[in-house]
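Enquirer: Take a look at the letters that make up each chain.
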Amino acid sequence: MLLIGVAVLVLLAGAALALVLRDNPQRGWASLATQGVATVLVLAETLPLALRGGELRYRVAWSYPVESIAVHLDALGAFFLTWSLPLTLLGTVYAFGYLRPYFQTRNAGVQFALLNVISLSFVMIYTVESAFAFLIGWEIAAVAAWLLVVWDYRNQKIRFAGFNYLVSTHIGLFFLLAAFMVMHSQTGSMDFQSFGAFLHVPGRLRSITLVLLVTSFGLKSAFFPFHTWLPRAHSAAPAHVSALMSGVIHKAGLFGLLRFTLLLAEPEAWMGWYLLGLSALSALVGVLYTTTQRDLKRLLGYSSTENVGIAGMAIGLGYLGLCWRQPALVALGFTGGLLHLFNHAIFKCLLFYAAGAIYRATHTVDLERLGGLARRMPWTAALFLVGGLAISAMPPLNGFVSELLIYAGLLHQAVPPGLERALLVTAAALLAFIGGVSALATARAFGLAFLGTPRDAGVHCEGEVSRWMRGPMVLHAAGAALFGLVPGLGLAFVAQPARLFRAMLPGADASLAPAELLAPVAWTGLALLVTVAALVAVRRALAGGAPAPRHVTWGCGYGAPTARMQYTGTSFSLQLAEVFQAIVPLLRRDRLPRGPFPSGAGHVNTHSVDAVERRMFEGMGEGDGLVRRLASRIPPDPGFAFGAGLAVLVLVMWLLVAGAGGAR
Amino acid sequence: MNAVAILLHVAALLALPPLLLGVIQRTKALWAGRKGPRLLQVYSDLRRLLRKRPVYSQVTTGIFRIAPIVLLASTLVSGAFAPLLGGWAPVSFPYDFVVVAYLWGLGRLFLVLAALDTGSAFEGMGASREATYAAVAEPALFLALGTLAAATGHGALADLVGLGLRGPAEAVVSLACLAAVFVFMQVEAARVPVDDPSTHLELTMIHEVMILDHAGPDLAAIQYASAMKLTICAAFIAALVNPLPGGGLASAAANVVLTLVVAAAVGCVESLVARLRLRAVPQYVLSAVVAALVALLTTSWWQGGGR
Chain A
18 MLLIGVAVLV LLAGAALALV LRDNPQRGWA SLATQGVATV LVLAETLPLA
68 LRGGELRYRV AWSYPVESIA VHLDALGAFF LTWSLPLTLL GTVYAFGYLR
118 PYFQTRNAGV QFALLNVISL SFVMIYTVES AFAFLIGWEI AAVAAWLLVV
168 WDYRNQKIRF AGFNYLVSTH IGLFFLLAAF MVMHSQTGSM DFQSFGAFLH
218 VPGRLRSITL VLLVTSFGLK SAFFPFHTWL PRAHSAAPAH VSALMSGVIH
268 KAGLFGLLRF TLLLAEPEAW MGWYLLGLSA LSALVGVLYT TTQRDLKRLL
318 GYSSTENVGI AGMAIGLGYL GLCWRQPALV ALGFTGGLLH LFNHAIFKCL
368 LFYAAGAIYR ATHTVDLERL GGLARRMPWT AALFLVGGLA ISAMPPLNGF
418 VSELLIYAGL LHQAVPPGLE RALLVTAAAL LAFIGGVSAL ATARAFGLAF
468 LGTPRDAGVH CEGEVSRWMR GPMVLHAAGA ALFGLVPGLG LAFVAQPARL
518 FRAMLPGADA SLAPAELLAP VAWTGLALLV TVAALVAVRR ALAGGAPAPR
568 HVTWGCGYGA PTARMQYTGT SFSLQLAEVF QAIVPLLRRD RLPRGPFPSG
618 AGHVNTHSVD AVERRMFEGM GEGDGLVRRL ASRIPPDPGF AFGAGLAVLV
668 LVMWLLVAGA GGAR
Chain B
83 MNAVAILLHV AALLALPPLL LGVIQRTKAL WAGRKGPRLL QVYSDLRRLL
133 RKRPVYSQVT TGIFRIAPIV LLASTLVSGA FAPLLGGWAP VSFPYDFVVV
183 AYLWGLGRLF LVLAALDTGS AFEGMGASRE ATYAAVAEPA LFLALGTLAA
233 ATGHGALADL VGLGLRGPAE AVVSLACLAA VFVFMQVEAA RVPVDDPSTH
283 LELTMIHEVM ILDHAGPDLA AIQYASAMKL TICAAFIAAL VNPLPGGGLA
333 SAAANVVLTL VVAAAVGCVE SLVARLRLRA VPQYVLSAVV AALVALLTTS
383 WWQGGGR
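Protein chains in written order, with the working numbering: chain A, 18 to 681; chain B, 83 to 389.
Don't take each hint at face value.
Claimed, not checked - Taking lysine to any residue pairs in the SDA-like style, the calculated list, with each CA pair at most 25 Å apart, reads:
| id | chain 1 | residue 1 | chain 2 | residue 2 |
| --- | --- | --- | --- | --- |
| 1 | B | Lys-134 | A | Leu-552 |
| 2 | B | Lys-134 | A | Leu-559 |
| 3 | B | Lys-134 | A | Pro-566 |
| 4 | B | Lys-110 | B | Asp-127 |
Unchecked claim - Cβ pair distances, simulated, as ranges:
| id | chain 1 | residue 1 | chain 2 | residue 2 | range |
| --- | --- | --- | --- | --- | --- |
| 5 | B | Gly-115 | A | Arg-606 | 51 to 59 Å |
| 6 | B | Leu-358 | A | Val-553 | 31 to 39 Å |
| 7 | B | Leu-368 | A | Ala-648 | 36 to 44 Å |
Hints are computed from structural coordinates only; laboratory data are not their basis. Each residue gets a CB set at the ideal place from its N, CA and C atoms; glycine is no exception.
All chains, please: the whole structure from these sequences, using the hints.
Expert: Next up, the structure:
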């Protein structure tokens, strides 16, 4: 615990140094060095806990009104800290390269200081067990993330995106405050351990608290329908900030959910179904939006909603397992969920870094204007491909391992036969659909940006990015490959935190079902690689060393193809979007040439908008019109209808009052 | 026995695919009143392709060259899990069908990327269609296999087929899953009524338009892999209705014969049914989802009744 205290001080000193030092490289080095030291210190404390289990408890005396802060580091918190800090450090390395063009003109010290502060907030959120300190850590993370997002604050759009994020995250904070207030009023304490005494007992107030918590944590992790802030914030922020927000910072929401899950002695079945349903909806809607985005970073933002949804499905399954007293389901659900959110951190950061590299080289992330970058940026292309394959859960990369665990849980024999089984098999089919659509989105994003020929002559590619930016990407890609080819590694990493959830079931055996499941997967990945290598050798032998002739692409007889004739991103996803028109609306404005001799050029403009956000703003912006339309439905002479409506109103009020009375 | 069985399995995996295509072609020829090509014609076609030297587009990158190899490799590996010779496979572990589905997804993804790599409007069109229909077909497969897993109490692909037609409930589940897998096979292997492999108009193609630029050994690899997927699906369907218990030589022989019968059925459908409009394909796939849902609800009703 002492080491973590020192790490906090080192991080604070680094933040201060980054603000006061004279030039930008010095500030960056100060941040990197202090974060490196802090990471080593924290890992020295957390690694044994994360890998071998156990816990540390400590109480820090503090002045009134906090009085004392309970510090409790268990395997769950240690697991989150063990990857959050190194990934933030890598993000800072990337930022060093990404912000370099601004070093002459802007003060990058604020960014570096804020990155230190983000690390600091992780240490707070993942270790403290007092509501007060937890909220402060929560708030530090939110405000720091907001300040990181508005780096380019001179642009009004970016200020708006930042403000949107700030408001959304505080709405989430209100829900969290409400939940804490309920628990405080019932227990008279601010310690999570005392909250546990209240959360052990089933009751209506516990259910309300859980819904409040899920809403708040869902907003933090951008579950549908609380995701509207996310695509804006991610497309506005610098790449390293988007990466860290999506991959690392917003996992705090899922951490909160898991932390409070540990305090529930036995969840009720509806909680599991609620979580599973909400998460499945998030995953479905998120993945559908990834298929239609033009902005690569917006696309990646939506895919966060998808992936937290997948992790949430696994957690919901774990809840059901706890409720049905099935240790196999608990193990598969929580192991799969924890592993998936860790895997997501690895490949999502990689993809955002690659998107940032594209932005650095071309000054745009508009997929409809890019193309053919693979030849100019071979490193970035290969690394993006690895990330894309991992996010589509393709073997032998890490995303597949966690999704296989989730599939195994959903299809497991331990699920009670009957309706429950049918619903979970349907959830597995939904996950398969999500996987298929995610593959489409990956193919579209990679294909449009890196393959084919450049679509817009106005976009100039400056070539491959610096080593500072490539280094973190290479490490992330190596991680995706390593955790995919050696599934046991990821499993060992999440084994201890998953064991905490297993221990919630009395008398559960300690053996790990996931380990047996994953053993053959490693061989499959290896077999695939060996087969590819063998076939490449055969292909070489068939070619006989002669260079293959090259020619233009076959245009089906048309002799003068241009780059503008390539398939566009909109047309690539149009067929799928048409099937799901209600969820993924495509706005279209056009002026088409008419008649046999059209005068003037026509144009078509398509725009994919977020249905939730659109409806929400419509409701807020045109609320008066909505009320007027409703009011106009009231007949001029109410008569009987009015009386009946009044009677129903009284009845509802009475039921509410009586119900509230019954709660006491 | 075991080594022999594995050898037989590998032989079936490598040798059956072109034969199946030959059976389909011959069936179609018979319906059309033609004599048709030899049953073994596809082997010669593949050998001819292997000797050719491919021409690559100037636009393409390494993705285009590696894609056919990844497709063939992923399909080959997936073949190890398939019950080609009845209810048995050389490699089998719980939920290996998820691995098979994602291996096929990997091959498909690379093929789609290769199509986009050429920068051709036509191939982009094919890629878009392939990715869309594959995504829509995936839930049908998982519903069917998940139902079989629930009904049989096993998780491995090779053990899913043991249900048979013993009772009315088992028969409904088996046949509905059979229908779902059959439709999935038509989508995955690009057969009529979803796609027509022998069409000559690029605008109406799905799979074929995606591989317009592939030639020589690359094209051979793609066609071979596609036929192998067809074989795996057909063998799975055959194993579903195979009356002989798995393991023996008789069962293996029966399964191969039934696989050829499934291929003949594919040929019959192609001869008798018109190609669907492209917009109607998702609805057609939906029918597979509905069939699988029927099987799922039957299973849950039948198992839930025993509680």
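Enquirer: A separate judgement is required for each hint: does it hold in the structure or not?
Expert: Structure-based check of all given hints:
no.	hint	in the structure
1	Lys-134/B to Leu-552/A	17 Å, holds
2	Lys-134/B to Leu-559/A	9 Å, holds
3	Lys-134/B to Pro-566/A	12 Å, holds
4	Lys-110/B to Asp-127/B	18 Å, holds
5	Gly-115/B to Arg-606/A: 51 to 59 Å	54 Å, holds
6	Leu-358/B to Val-553/A: 31 to 39 Å	38 Å, holds
7	Leu-368/B to Ala-648/A: 36 to 44 Å	42 Å, holds
In summary, this structure violates none of the numbered hints.
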